[in-house]
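Numbers -22 to -1, 1 to 107, taken from mature numbering (1 follows the signal peptide of the UniProt record, and there is no 0), label the letters of the sequence shown in order.
These are calculated hints, taken from the structure and not from any lab test. Hints may be right or wrong, so weigh each one.
[What the hints assert, rightly or not] What follows is a list of derived Cβ distance ranges for each label pair:
#, residue 1, residue 2, range
1, Ser33, Thr88, 15 to 23 Å
2, Glu41, Gln11, 24 to 32 Å
3, Tyr65, Thr100, 16 to 24 Å
4, Gly42, Gly6, 33 to 41 Å
5, Arg105, Gly30, 31 to 39 Å
Ideal placement from N, C-alpha and C gives every residue a C-beta, glycine not left out.
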Amino acid sequence: MTRGRARARWLSAVLASSALLASGCSGGIDPQQLPGVYRNDDGGRIELSADGTFSATRVTTSEGAGPADFGGSWDYEDPGTSDDFVYLGVEDGGLGATGGIQLYVEDQDTLYFQLDPDGPGTQTYDRAD
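Based on the sequences and whatever the hints tell you, model everything.
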């Protein structure tokens, strides 16, 4: 193979990879669009406020636990190596000894808890506003 042909193939591979990476980023989450009210079919409600606070009503966060009401602060996390999530910093002991929990982001309008780290997402909350 000639040097020019090898260079052309290398350039094509680089451009194709760049296009693939750019297209994967285009569907990303805009954290500024996350504030709003999310509800589930069991009557649970989570409100993420633009000022970085949240309130949760009738939300179940662990297997076997009943619904709880709690609040605190929230922050969007994009670890790059796993699913994006909203970290809920629970204040005033709203969940006993738990200081914070992860609320995963499926898309701009759907959040969910994953109660079993090895299982599927559970407790899905859809944008209500």
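Going through the hints against the structure:
A beta carbon spacing of about 19 Å between Ser33 and Thr88 agrees with the range 15 to 23 Å that was offered as a hint. Checked against the hint of 24 to 32 Å, the C-beta distance between Glu41 and Gln11 comes to roughly 31 Å, which is consistent with it. Between Tyr65 and Thr100, the C-beta spacing of about 18 Å keeps the proposed range 16 to 24 Å intact. A hinted range of 33 to 41 Å holds for the C-beta pair Gly42 and Gly6, which are about 35 Å apart.
Here the CB-CB span from Arg105 to Gly30 is close to 18 Å, at odds with the stated 31 to 39 Å.
Taken one by one, the earlier hints fail for this structure only at number 5.
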